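Keeping their order, the protein sequence lines are chains A and B. Quick note: the first sequence, position 518, residue 518 per the numbering used here, numbers continuous. Quick note: the second sequence, position 103, residue 103 per the numbering used here, numbers continuous.
No lab work stands behind these hints, which were simulated from the structure alone. Wrong hints could be hidden among the right ones.
[As the list claims (entries may be wrong)] With a cut-off of at most 30 Å between alpha-carbon atoms, the simulated DSSO-like pairs for lysine-lysine come out as follows:
no.: 1; chain 1: B; residue 1: Lys135; chain 2: B; residue 2: Lys114
no.: 2; chain 1: B; residue 1: Lys71; chain 2: A; residue 2: Lys183
no.: 3; chain 1: A; residue 1: Lys194; chain 2: B; residue 2: Lys61
no.: 4; chain 1: B; residue 1: Lys61; chain 2: A; residue 2: Lys269
[What the hints assert, rightly or not] Pulled from the structure, derived: some chain B residues nowhere near chain A, Cβ distances all over 12 Å:
no.: 5; residue: Val16
no.: 6; residue: Leu72
no.: 7; residue: Ser124
no.: 8; residue: Gly131
no.: 9; residue: Glu141
no.: 10; residue: Leu142
All values reported here derive from a predicted model rather than from experimental measurement. Heads up, the beta-carbon is just placed ideally off N, CA and C, and yes, glycines get one too.
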Amino acid sequence: MTTITGSQSVISSLEHEGVDLIFGIPGGAILPAYDPLYSSPIRHILARHEQGAGHMAAGYAWATGRVGVCVATSGPGATNLVTPLADALMDSVPMVAITGQVPTHAVGNDAFQEAYTVGITMPATKHNYFVTDPDDIPTVIHQAFHLASSGRPGPVLIDLPKDVLNQETKWHAPQDLELPGYKPTLDGHPRRVKEAVEMLAASRRPVLYVGGGIIKSEASEALTRFAEITNIPVVTTLMGRGAIPDSHPLCLGMPGMHGNYTAITSMQKCDVLAAFGVRFDDRVTGDPDHFAVGAKIIHADVDPAEIGKVRAADIPIVADARRVLTQMIKAWGDRPPIANQEWLETIREWQTEYPLSYDQQPDGPIKPQFVIEELARITGGDAVLVAGVGQHQMWASQFWDFDRPRRWINSGGLGTMGFAVPAAIGAKAGMPDELVYAVDGDGCFQMTFQELITAAAHQVPVKVAVFNNGAHGMVKQWQKLFYGGRLSASLLNAEVVDYVKLAEGMGCIGLRAEVPEEVGPILEKSLAIDDRPVVVEMVVDPDEMVFPMVPAGGSNDNVILGPEPGD
Amino acid sequence: MTTFSHPPRHTLSLVVENRPGVLARVSSCLARRGFNIHSLAVGPTIDPGLSRITVVVESEKIEQVKKQLHKLINVIRIFELEPSMAVERETMLIRVAATGTARTEVIEVANIFKATVVDVGYNSLTFEVTGRPAKLNDLIELLRPFGVVELVKSGRIAIGRAAKSKPSRMRAVG
Ligand SMILES: Cc1ncc(C[n+]2csc(CCOP(=O)(O)OP(=O)(O)O)c2C)c(N)n1
Ligand SMILES: [Mg+2]
Chain A
1 MTTITGSQSV ISSLEHEGVD LIFGIPGGAI LPAYDPLYSS PIRHILARHE QGAGHMAAGY
61 AWATGRVGVC VATSGPGATN LVTPLADALM DSVPMVAITG QVPTHAVGND AFQEAYTVGI
121 TMPATKHNYF VTDPDDIPTV IHQAFHLASS GRPGPVLIDL PKDVLNQETK WHAPQDLELP
181 GYKPTLDGHP RRVKEAVEML AASRRPVLYV GGGIIKSEAS EALTRFAEIT NIPVVTTLMG
241 RGAIPDSHPL CLGMPGMHGN YTAITSMQKC DVLAAFGVRF DDRVTGDPDH FAVGAKIIHA
301 DVDPAEIGKV RAADIPIVAD ARRVLTQMIK AWGDRPPIAN QEWLETIREW QTEYPLSYDQ
361 QPDGPIKPQF VIEELARITG GDAVLVAGVG QHQMWASQFW DFDRPRRWIN SGGLGTMGFA
421 VPAAIGAKAG MPDELVYAVD GDGCFQMTFQ ELITAAAHQV PVKVAVFNNG AHGMVKQWQK
481 LFYGGRLSAS LLNAEVVDYV KLAEGMGCIG LRAEVPEEVG PILEKSLAID DRPVVVEMVV
541 DPDEMVFPMV PAGGSNDNVI LGPEPGD
Chain B
1 MTTFSHPPRH TLSLVVENRP GVLARVSSCL ARRGFNIHSL AVGPTIDPGL SRITVVVESE
61 KIEQVKKQLH KLINVIRIFE LEPSMAVERE TMLIRVAATG TARTEVIEVA NIFKATVVDV
121 GYNSLTFEVT GRPAKLNDLI ELLRPFGVVE LVKSGRIAIG RAAKSKPSRM RAVG
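Taking the hints into account, I'd like the entire structure generated from these sequences.
Listed below in structure tokens is the structure:
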């Protein structure tokens, strides 16, 4: 075995894990690691802000299903990663972050660019490491990838002091994981599975409540099959959109604060709620004391701490979503589908009575929902849709029909504004043959648009539709509904920004649509460009609000439907 | 005297990997989730690769506490020790104002509790005592009238009680 540096060991380890692409920004402490990277087949995308690098890694992970990797230097580089790490932890995104650190002898002395990265990121990661011996590098990196991608996935950070990167070591293929405290339970307990099947078979008004866990565990097929053999309708949370195709007759769409009436109400009125890969988030349940009060709960999740955290489960099952659904299919055997015709009819009535709606007048302002529908029509739905956080995110989730998993990327748990542009870049870099379209708010866009320079520089031709409503629209909506219309600090002075010029100044193409009939043609035009990123400014109705809505902490029995068309 | 009401206390015994930072992870996890630590003691075990953390947590949601702690990669096992099924001990060093005739009175009280004098000062006595947490609290109350100058308590440590008879053959349950 030849002697190499710690840095070379890091790069060899990444290659060993099959990494093809990383996102980062170099700096003093991590500089040694960038030297062997220069001659490595691993592609490096130079982000313009470490937050961007982190979200790019997340977008890559979402789109490809593989571990996203980001790199930053010590101190400010590492602290800039805190937001994407916290974001990835909330949304269970498999990610490995590598940070430089000041040399071990300087640690604790407030050295230049020293921050206590491991301490700062402890509550923002699934696990983190401070490496003091270069011989540990192969094992630590192997463990990090295993932790990030197994069980409930999440971000793992590795902090590497500069002297450790420079020291001599030998690279050896990691043998054993040596993680005595980490053994995720993947198979559901057979007795619980049997009980769950019996409870569902005896139910008359069952609902499957599924989320991000289905996407992470590649359980879509099993879910769809289980829904079909049992005839149980399915609601897909914001993180689980696409788990079963929206076009499927059993798919009821998104529940929650801005979910559709049918999805929300079917959960409220069901007799058995079978939850897979979800965590009873407050944005779904509303006031938990008034959530699905008459329902018995089956809750399957790979993270035991999620079961019973918000709502006690009548049948708790610790398991990977795909495995447990496969077990459920088997346990269901050749039973007939549930006799729930009456229930399905009631659901159909709700769907007819309370559809999602908006009112696009031909000579009125562009409705944001119309943009989403036009984009879906023009692309045939064949795109990876990425969203920021705010009203536009909700409209995207509501009005796009997702036909497959991994086609919808957004920040759910942390609700991180600025997520869309870098996440779209990560997704496109990982899936260059896919059309990746971000829909972003003007507020969100202004947090991370500089990453379009990264996209232009690295030939990652993403497309971004900026919904210009001149406001932090979601904040404005709350102020209109709950704060007497006092728009405190929610307006963005739209007149200041020229998005077309801004786009051109960053090496992108800039387009703009100001009236409804321009929307389609401009979107078509954006699709025709494939040699550089495109920014499409959509000047949308600043007064449009997202409905339905269940006010925060309210009961899901009280869905505010919004104005009737023509009001 | 003010009495503070607190959620029920639970004694958890954690077997953790003996690595730097593990204690910080445990306490950060508890703080992050809003669980109050009443006492905490950490020390080596017979296996040099493992440490033992005994933590008394105040929480209505002890199952959540255990599950969240279990998610820490360096935590290997967690036992909840029911007071009736465990031996629980604390050690206390207590300095009491004691001059003149009070000195003998203080020593008499201390003797009942098998507290031993570890330091004698011009106007104080310092005792060391080990026992059940309730016993230590009783002693504090009895010494309080004399004037407690300083008090130092170890965190609680605990060990499950061993079987008192030969275990019967395992029976299938349920
Ligand atoms: C980093 C961050 N800061 C603040 C917020 C609070 N917040 C939630 S939505 C929102 C407004 C988003 O505005 P915009 O991107 O224009 O989207 P819109 O609602 O107008 O569609 C704000 C400020 C947040 N989610 N994230
Ligand atoms: Mg806006």
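Comparing the hints with the structure gives:
1. About 11 Å separates the Cα atoms of lysine 135 of chain B and lysine 114 of chain B, which keeps this hinted pair within 30 Å; it holds.
2. In summary, the hint linking lysine 71 of chain B to lysine 183 of chain A is supported, as the alpha carbons are separated by about 10 Å, within the 30 Å threshold.
3. Distance restraint check for lysine 194 of chain A and lysine 61 of chain B: the Cα-Cα separation of roughly 28 Å lies within the 30 Å cut-off, and the hinted pair is therefore satisfied.
4. In summary, the hint linking lysine 61 of chain B to lysine 269 of chain A is supported, as the alpha carbons are separated by about 28 Å, within the 30 Å threshold.
5. With a minimum CB-CB distance of about 8 Å to chain A, valine 16 of chain B fails to clear the 12 Å threshold, and the non-interface call is violated.
6. With a least CB separation of 7 Å from chain A, leucine 72 of chain B falls inside the 12 Å interface cut-off, contrary to its annotation.
7. No beta-carbon of chain A comes within 12 Å of the beta-carbon of serine 124 of chain B; the shortest separation is about 38 Å.
8. The claim that glycine 131 of chain B is not at the interface with chain A holds, since no C-beta of that chain comes within 12 Å of its own (minimum 33 Å).
9. Against the 12 Å criterion, glutamate 141 of chain B stays outside the reach of chain A, whose nearest CB is about 39 Å from its own CB.
10. Every CB of chain A is more than 12 Å from the CB of leucine 142 of chain B (nearest about 43 Å), matching its label as outside the interface.
Going through the hint list in order, the structure does not satisfy hints 5 and 6.
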